[in-house]
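A.B. asks: Listed below are the residues making up each chain.
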Amino acid sequence: MNAVVAETGTTDFSKHRNHAATAPAFLSVHDIHAYYGESYIVQGISFNVHEGEILALLGRNGAGKTSTLRTLARLSNPTLTHGEIWLDHKPLHTMPSHEAARGGLILVPEDRRIIPGLTVEENLQLAQIVEPIGWSIERLYELFPRLGERRQQEGVTLSGGEQQMLSIARALARDIKVLLLDEPYEGLAPVIVDEIEKTLAIIKAQGITTILVEQNAVRALNLADRAVILDTGTVVFDGTAKEVLDNKELREEYLAI
Amino acid sequence: MLGLQKKDFALLMFVAALTAFAPFLLNPFPVDSALAQFNAGYPDLMQRFVIFGIFAVGFNILFGLTGYLSFGHAAFLGVGSYAAIWSMKLMTMNVIPAIILAVIVAGLFSLFVGWISLRRSGIYFSILTLAFAQMSFALAYSVLTPITGGETGLQPKVADPRIFDAALGDGELPAANLFGLTMKSSYELNIGGWLFTFNAGYYVAAIVMLLAFYMAIRIFRSPFGMMLRAIKTNQTRMNYTGLNPKPYTLAAFVISGMYAGLAGGLMVAMDTQVGPERMFWTASGEVVLMTILGGAGTLIGPVLGAGMIKYMENIISKINEGVLYEWFAFLPESLQDLLVTIIYPFIGKGWHLTLGIVFMLVVIFLPGGLLEGGERIRNMLSRKKKADPGKDPEHHPKPSPHVA
Amino acid sequence: MGILEVKNVNKRFGGLQALGDVNLSVAENSVHAIIGPNGAGKSTLLNVLVGKLVPDTGTVTFDGNSVLGRTPFQINQMGISRVFQTPEIFGDLTVMENMLIPCFAKRDGSFRMHAIESIASEHAIIERAEEMLTEVNMIDKREMHGASLSRGDKRRLEMAMCLVQEPRLLLLDEPTAGMSRADTNNTIELLKEIHTKRNITMAIIEHDMHVVFSLAQRITVLAQGTPLVEDIPENIKGHPKVKEAYLGEAA
Amino acid sequence: FTNEPTGSTVTLGFNVPQSGPYADEGADELRAFQLAVEHLNGGGDGGMLNTFSSKALQGSGIMGKKVEFVSGDTQTKSDAARASARSMIEKDGAVMISGGSSSGVAVAVQALCQEAGVIFMAGLTHANDTTGKDRKANGFRHFFNSYMSGAALAPVLKNAYGADRKAYYLTADYNWGYTTEQAVRESTEAVGWETVNNVLTPLTQTDFSSYIAPVLQSDADVLVLVHYGGNMVNSLTNAVQFGLRDRMVNGKQFEIVVPLYSELMARGAGENVKGIFGSQNWDWKLENQLGSRYIGTNAFVRSFGEKYGFPPSQAAHTCYVQTLLYADAVERAGSFNPCAVVEALEGFEFDGLGNGPTLYRADDHQCFKDVVVVKGKENPESEFDLVEIVEVTPAEQVTYAPDHPQFAGGDLGTCNPGA
Amino acid sequence: MEAILLQILNGLDKGSAYALIALGLTLIFGTLGVVNFAHGALFMIGAFCAVIFSRILSLSTVTEDPTRKDFLGNPLKIETPYVESWFGPELGSVLINWSVPLSIILAIPVMILVGLAMERGLIKYFYKRPHADQILVTFGLAIVLQEIIKYFFGANPIPTPAPDVFAGSFDFGALIGLEAGQIIYPYWRLVYFAFAAAIIAAVFSFLQFTTFGMVVRAGMADRETVGLLGINIDKRFTIMFAIAAVVAGLAGVMYTPINSPNYHMGMDFLVLSFVVVVVGGMGSLPGAVLAGFLLGILESFASMAQVLSVVPGINQIIIYLVAIVILLTRPRGLMGRKGVMEE
Ligand SMILES: Nc1ncnc2c1ncn2[C@@H]1O[C@H](COP(=O)(O)OP(=O)(O)OP(=O)(O)O)[C@@H](O)[C@H]1O
Ligand SMILES: Nc1ncnc2c1ncn2[C@@H]1O[C@H](COP(=O)(O)OP(=O)(O)OP(=O)(O)O)[C@@H](O)[C@H]1O
Ligand SMILES: CC(C)C[C@H](N)C(=O)O
Ligand SMILES: [Mg+2]
Ligand SMILES: [Mg+2]
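Going down the list, the protein sequences come from chains C, F, A, L and X. Numbering-wise (our numbering), the first sequence opens with residue 1 and increments by one. Numbering-wise (our numbering), the second sequence opens with residue 1 and increments by one. Numbering-wise (our numbering), the third sequence opens with residue 1 and increments by one. Numbering-wise (our numbering), the fourth sequence opens with residue 1 and increments by one. Numbering-wise (our numbering), the fifth sequence opens with residue 1 and increments by one.
Take the hints with a grain of salt, since some may be wrong.
What the hints assert, rightly or not - Covered, in the sense of this in silico footprint (three residues per stretch, anywhere, with C-beta under 8 Å from a C-beta of chain F), are these stretches of chain X:
1. 165 to 174
2. 215 to 227
To be verified - Derived lysine-lysine pairs resembling DSS-like cross-links, with alpha carbons at most 25 Å apart:
3. C:LYS177 / C:LYS90
4. X:LYS338 / A:LYS52
5. L:LYS274 / L:LYS158
6. X:LYS235 / F:LYS246
7. F:LYS246 / A:LYS106
What the hints contain is simulated information worked out from the structure, not anything from laboratory work. Remember, it's a predicted structure, so these values are computed and weren't measured experimentally. All C-beta atoms, glycine included, are put in the ideal place defined by N, C-alpha and C.
Between the sequences and the hints, there should be enough to build the whole structure, so can you do that?
C.D. replies: So this is what it looks like as structure tokens:
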């Protein structure tokens, strides 16, 4: 890893990694490696998240953020070949995705994944089929009135922003311990982004742990407690959000801000 | 060379060499040995290998590239056959006009069927083509008997007009020929215990196959071929790039229909008889299976698939109990009986069982077909771990979502 | 008279008025942004412009010719290209092949039966594609399959595919969504450069105000299917109605 | 000539359906072929070699050469059958091809043998065309045909059901169906029956209800099912389901007729076949019931039954006999040359092969012999005893002129010995 | 008039067979997204359950009767079914007589087992594979199953009659006040129709009134996301598969008295059932049922002599002709959903 950084001629930030080994973590990711077929994408990532924390997972396009989240959610692609993931003393690395989800780890995927053929309401109902269940559908409609208005419309015909709301609402419909958000603001009008940000605050207030992937790093860092920065499938920084905001070099090198 | 990239030219030469030396390669066992049963180097089967190779290569231009799965391609083969036999009955026993007519008629028919069927995609398209083929079969079997000979089919008769041919000598039968060289004529070479047959018809068919294969390579490497693959991947983007997918798919459909017609015409040239059952849905299904078995979207895969299925059909089905006993003659009798009892269900009348098992084993263990599987095994042996991004995309067919 | 004229366009989906009496004029060689809340009808309007949807009433003309009733590929041949909200590329094809296809479409029109020519010998076209890939910084990914690109890369590729056709009007539906800051900045530069160098008219739908205000010369704000205001960027920023309906505190 | 046997063995090709609906028929044919080869080579009890009127065969192979055979699968498709036959000729060096289970296949393979210059001894094929418009010099048929079925059945039917009958035909929509329907219709009309209707049914049909139902509305009082195999099993089952056999029309009991019978069909149709008339080429009970005119029958049934455990079908019989006839012809001709064999078989009169005195007519290579009229047995004693012999129609009554209109348009050509 | 009525009855009956098979097929095909060429084989296995069951019932003790002789002159073997010796000849023969409907109790567990084994052992590995691979593997499986049956039961049809009570036919015409003797209809076909209706209703309500159906549909559209919501979709797919297998199997069991089963009956029905499913529209269960009945009735009409004399050969092609016309006028068949198997 050091070699990679050295090659690109940048400062070595690895000294910032990582307090994980010491603090008792709620979600602990230990040296995970994952492949898409034969391409090696997640190349040994470790970090810890504490209960109730918001962790910003940053990095440029193709750094492996989405791949990391998918690995955590135990989707079959990319395939985890090595490493451990512990959530609240449960070994997620041994579970398929539906069990991880039942354990309280919910991914809001980057392309929203609204299910074709189902109405808005059915998309939400689907999330409440197996225990444990989170917010009621009515409460979700209160949070996103737009969805309430369109409850009988087929989910995939919603506008881009509406779909994003539905995707987040669907996650909240489950009882969450850790919420993984992959670019939740994408395609949303600024007013709505504000709304969602408020929602995230509500979520945080409920003690839900969140991992947030976001291109608008400043926005994310303002919200987050801690940040992890990835590059080519490895962790290049792990520290507090403030550290990133204060470190100009780091910001320019990996976040272009 | 020949407008091909080096690798493709090498492939073409490889196939050319294989076909040229097929009489040797397919007859590895001496005539009198117990394993002679496995020899496939006799004219009929060699002809079938190349003819069905053509059929599958053509089918693959449609299916492998565009992803449109036609379940009625046998109809074009059948129509081509009927055209060829009528050319022989009415004009001349020379195979050239017969084959040309077969290609033209099959092309026209596929233009008609494709023009209608391509209004739909996916499974809807598949069923439309199936419906046309089944109707062709049913009509040829019954109502169109005056043109098709019904179930019995058509054969050249001594009394046929054959306006361009000289009258037959006494007792002479009309024989398919290429300017006098009859398709049946063979030269036999006896070396030691081996017998090799060089058949005129086979070499005519092989040359046609090489031409067809060469054309297929050109199409695969052409902008047109790339457009067809683009259709398979994303028609929306295709449209918004200013391209009209319809004529491309239709052209691919007609080209593959003409390949089928060519195969049908050659079948008649090699064996002057046509029956309607070669248009039945199972015949259409067979070419689908050949293509998938070998590897859809690859150049040589469909030829391998065709060879595999025809080999099983013609060789395994002919092994009977007697042959089995002959093989195991060297064993003690009880062991003999045991082995025969075990193997017996899989040979002779059980050849379908073997075929079914082979289908399953191939898809389960060699996803992507024989070719891809072969490559995989080669990679495994040479311990090449990391995927090489520079690999030829044709040899890595991606899952094809446009299929029904 | 703009190069693109939208007059009185209405579109309903069942009970929902997705577009109501939309009038829009995009001046030649300008960059025109369309912004508005989610579900305002921006993508619907775009779909009308490219022939994917037929409006219930109204007219749309491009360079004086009606685009209504034409298929997407005909509209593209008129010189309109489109970048999608979720990237539409050829997933099974390599990046290079993805680029070659629009190049051929540009040269040969909507259909040509070049069945036995070899791609490898089309040097001019290959060069053109390579140039464009270099321009969008993707030349080192030329042999990757479209499907295995990260999303930011997919979007860049799609944009390159549109640009290589040198359209007269480029429609962009959230071109920088999902792009990292760095790439967003690059994209803004790229679009600016293209605009000035090649004189391409652009209509952009975007939620990232940084992008909108860096590029747009005129902005139309759409809300609930109808244009709320249309003005130059400076005036939009401070517009109270726009602030309330769309920008929020961000402005 | 083609595939002249040079070594100590001679190879015969047995081309039977091993897959598809006629696979069981094919299996039985193959059993018979194996038995014939055994007997020719001097094995077993000799079977019909002992009763055959010609004594040329000694149980020492054919012309001293040990008989070997190859088998293949016709799939009941002409393409597959020809491919299989060609492989026997080209790869295995077969000098004679026999077998088959349908007229389409027989015609296709017969033409192939003619071109290739080998002898074709047809197995199961019943359509007129095999020895009618598609006859070939190198091909021979022992089995009877559509015309003979009609000619044999008509008088029996008239006796049983009267001369004043109205018949409705359901005919399988292919070649054999056409010739058989025509034959039965012409013969029954000649005894005074009237034909109400003829409806063609697709070969691929499985449920015949929509063809049976309209029979109810017609004033027909006889239904003739010109179906074979699975078609016949299904159409007969359906007809019985629709209560046709319990029906009275024009004051007469409604009747069903199936022109061509086989043991396997009877087994498939089960109860429904009881009392239904049809015709057969041969039946294993012939000699027991009708005496020594049909000598050979018991000899064959014994060797077959002892080897396989059940009595042979008519398909097995005809294939066995064809093999013997070929071998005998070669012996008598003193050559494997197809032209010599043709000469030896043409006009050959023989006896002792189970059908009584038989003639291989030179004009069309069709055998002329008695035809067995049977009907489904009411109380079968075993699963092999499903039909009872009603009558045997003597050969003279079923003989026709070579240029009979039902057989017109054919030309044997000349024998082809091949290269 | 009578003729038309009768053909409608016939069509309904043929239609119920088509509908039942298509229903099972579309459950797997339209909802799970698997092109199952082995579906016909499931139908065939169901039919052979009836054969096997009646064979079991008629397992016999063999005694020799020296007074009678078999064809070789040996003493004739007399077989007495065990059930007759156990339950007495009366009840025993009643049981044998009722073997077809009774074999449902054998068929249900067998079909569930076959379905489970097939899905767990094979199909589940193919959900993500291209349709082409699914075709090849299921076609291979169909051949294998078929050949196994052929190995044990031969190629000849095996008569499996309905219970005597249902053996006859009744005068439907007289029942509705038309001339007697004109519309005769077999009892068993009526039973089949009623049975099909019941099965269809059961399957529909199962999928309509439970969330199960919704989950399965969702899982078919996007397995990954459904998994992300904590749902074990594999388990549900397995159940669906078993249900489809049972539907196909029962369709086969009850069909045996109509046409004697043989080893290739599955293949005979396969193509037709694909046509029915597609004409009905992919992903639509009501569509499949509707198309089944529609094609059944049209086929019946086309085989009337009056029709045939006007358009000879129409009976051979009617189904395909209608399929083409419907697919050209309605892009997704009668009731197909957008996007299902359209690519
Ligand atoms: N299905 C796939 N097959 C092969 N490679 C893939 C696949 N999906 C992603 N990749 C590769 O994995 C790497 C990491 O991708 P990933 O999507 O995790 O990045 P990301 O950080 O989320 O980027 P972005 O900000 O663009 O969403 C990229 O190089 C991408 O090309
Ligand atoms: N096919 C359809 N059927 C029904 N309603 C539709 C359909 N397509 C779009 N809509 C509705 O029309 C409205 C406008 O949608 P559109 O996609 O144009 O919004 P947008 O302005 O692009 O929003 P965003 O910025 O979120 O992408 C939305 O409310 C959407 O739900
Ligand atoms: C098997 C034969 C006796 C009948 C067959 N259908 C034929 O065409 O001749
Ligand atoms: Mg990402
Ligand atoms: Mg939008």
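A.B. asks: Determine for every hint whether it applies to the structure shown.
C.D. replies: Hints and how they fare:
1. With a cut-off of 8 Å between beta carbons, the stretch 165 to 174 of chain X has 0 residues touching chain F; three or more are needed, and the interface restraint is violated.
2. For the stretch 215 to 227 of chain X, the proposed coverage by chain F is not satisfied: 0 residues have a C-beta within less than 8 Å of a C-beta in that chain, short of the threshold of three.
3. Between LYS177 of chain C and LYS90 of chain C the alpha-carbon distance is near 12 Å, which keeps this suggested pair within the 25 Å criterion.
4. Between the alpha carbons of LYS338 of chain X and LYS52 of chain A the distance comes to roughly 16 Å, so the proposed pair stays at or under 25 Å and holds.
5. A hinted pair counts as satisfied when its Cα atoms are at most 25 Å apart, and LYS274 of chain L with LYS158 of chain L qualifies at roughly 19 Å.
6. For the suggested pair LYS235 of chain X and LYS246 of chain F, the alpha carbons sit about 41 Å apart, so the restraint of at most 25 Å is broken.
7. Using a Cα cut-off of 25 Å, the hinted pair LYS246 of chain F and LYS106 of chain A holds, with the two alpha carbons roughly 18 Å apart.
Of the numbered hints stated above, those contradicted by the structure are hints 1, 2 and 6, listed in ascending order.
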